[in-house]
Amino acid sequence: MTAPLSLANLTAHYGTTKVLDDLSLDVGEGELVSLLGASGCGKTTTLRLIAGFLVPTAGTIHLGETDLTRLPAHRRNIGLVFQNYALFPHLSVLDNVAFGLKQRGMASAARAERARAMLARVGLTPLEERLPGELSGGQRQRVALARALVIEPPLLMFDEPLSNLDAKLRVDMRVEIRQLQRANNTTAVFVTHDQEEAFSISDRVAIMDAGRIRQFDAPETLYQRPANAFVARFVGFENLIALEARRREGAIVHAEGPGGISVALDQDRLGAIPDRFTLATRPDGLRVTAQPEAEGIPASLGLRTYLGRAYHYQAETPAGHLVASGPLSRPLQSGDQARLVPEAEQCCILPEGEI
Amino acid sequence: MTGRLSPVLIGFAVLVYAFLMGPLIIVIGAALSDTTFLTFPPQGLSLRWFERIFEIGAFRRTMVTSFQVATLATICALIVGIPAAYALNRYRVQLPGWLSTLFVLPVLVPEIVLGFSLLRSIQVGAGFPVFSTLLIGHTLLVLPYCVRVISASLASFDFSIEEAAISLGSPKWKTFFTIVLPNVRSGVIAAFILAFITSINDVSVALFLTGPGISTLPIQILAHVEQFFDPVIASVSVLLMVLTVAVMAVVERTLGLTFLTK
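Chains F and U, in that order, are what the protein sequence lines are. So for the first sequence, this note's numbering puts the first residue at 1310; every next one is plus one. So for the second sequence, this note's numbering puts the first residue at 1160; every next one is plus one.
Bear in mind the hints are in silico, worked out from the structure with no lab data behind them. The structure displayed is predicted, hence computed values, not measured ones. It cannot be assumed that every hint is accurate.
To be verified - Derived DEER-like restraints, expressed as beta-carbon distance ranges:
id, chain 1, residue 1, chain 2, residue 2, range
1, U, ALA1246, F, ARG1384, 17 to 25 Å
2, F, THR1434, U, LEU1164, 44 to 52 Å
3, F, GLU1338, U, PRO1265, 22 to 30 Å
4, U, ALA1314, F, VAL1364, 41 to 49 Å
5, F, GLY1442, U, LEU1254, 44 to 52 Å
Backbone N, C-alpha and C fix where the C-beta goes; we use that ideal spot for every residue, glycine too.
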């Protein structure tokens, strides 16, 4: 029992503030999609709209053939896992899990059996008589997961479910969530502000900002080929440099920027390069060299920081403040003049004006 | 910590307890006295002043009235107060701040003034019968306590629990009874007890609102003391205490148990 989710032109307001702006998103059957962004970007609002706790000012929500837009929350049949678990404090673990089945009018014996089977799947059988207050954080999250899964919903939603757990448990739990979601082939929406979490667990990730989706792609694509400056910065392309292509020799493009910036870029590795563009690099994609190379970005080095595998340098350049990296073998000093040379693996090309 | 309690501390604690318990002991003692005047320590033990209560019709009637008014006013205040406290907490962000202050205002108004204004407005003005006026007055008197106490226990309630229940298929109204209420049970019990005691002990509001044929027990005690000085006052006080404790016990038991088995 699974269904695709389709959000079309959703707009939402809190009072007069627009918190979601014409958002459209399609989640395929059995797919896990993360909504990723800083707090206030609209990701939780989107989840609450789908769950039915908020009503959109415009747009529609469809789950399979069903129009959810105006359906009351309790009839939407969505499994929800909350950040703070939201277990019923006065009910035992078993009754917590059986709660949804009870609402569906299932007989007492049958629902106990189903709930027990679900508890066995999350490894909590010995704890079925406990109250939520007597469980650890990880155990509570498993109960919350079992409670959402036992109703066999066509859609599962997670609202920052791991942020209250410690680092080790967080990694274990996300694997567990992914496995259960895969095994049931349930469509899932996962809300988080943690980039690693979103990228590791999802089929596709929607990066959100100011009530809009800035890019919706597979994690690999987002990480290597961001579509705009916002996403580029979000995934660690800290240096953005506006350039113009001057000469093309086969796949190699010679580009220039202000103040004597001159770089050679390989289209075979970076994709097609237009005449005007923005080069985005991670600190590791901008190599510091003291050699008098013809190409590169002239820079005056500032603070040096040690990162174990390399040094990072704060650098003042004609393209503004950049962060570059250099090898451990030849540390340079603050105040040294150097050139910064982009390395194709940690670079990407953005359209003109994205800076 | 292995330190011994200091004798000064023990002495102080004994004094505090003596101060708190003293009047109770004196009243109970006086109620058991065999004499025809109030005295302590009791001279001779007897229950005749307890029998005497029931021989005086006014005590019988006012005791019934007091319990009826206290029970009904408390229930009315809870019926209004629980949803009010719920709304004030659930929609705290959306609601203006003065709204919750509104529910505390009656506490600030001297009870004498409340009694007088109710007398003017609903008894004389709107021509309500005495019992109804008394009930309305006491409901208003105890409502702030209900809202405050239940709000306090709702303040620590996580409303995402309510959303979890709704997402699992429980309609909102049903969720209120199966999820919200059981989790503020202790607040409701505390509010009930506080409201009941406030109502049954009230003199100032009742002073204005009692009328021909209908009075409450504290008013009757006051009237009796003005004329007589016999131990029946002590015994009726003891009876009032015992009955109040009994009501509390019943409330604790029933509310406590029914919510636990749900």
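How the hints compare with the structure:
1. Our hint of 17 to 25 Å for U:ALA1246 and F:ARG1384 holds, since their Cβ atoms are close to 24 Å apart.
2. With their beta carbons about 49 Å apart, F:THR1434 and U:LEU1164 fall inside the hinted range of 44 to 52 Å.
3. For the pair F:GLU1338 and U:PRO1265, the beta carbons lie near 58 Å from each other, so the given range of 22 to 30 Å is not met.
4. Between U:ALA1314 and F:VAL1364 the C-beta distance comes to about 27 Å, which lies outside the given range of 41 to 49 Å.
5. Separation of F:GLY1442 from U:LEU1254 is about 30 Å and departs from the stated range, judged on CB atoms against 44 to 52 Å.
Checked against the numbered hints listed earlier, the structure breaks hints 3, 4 and 5; every other hint is satisfied.
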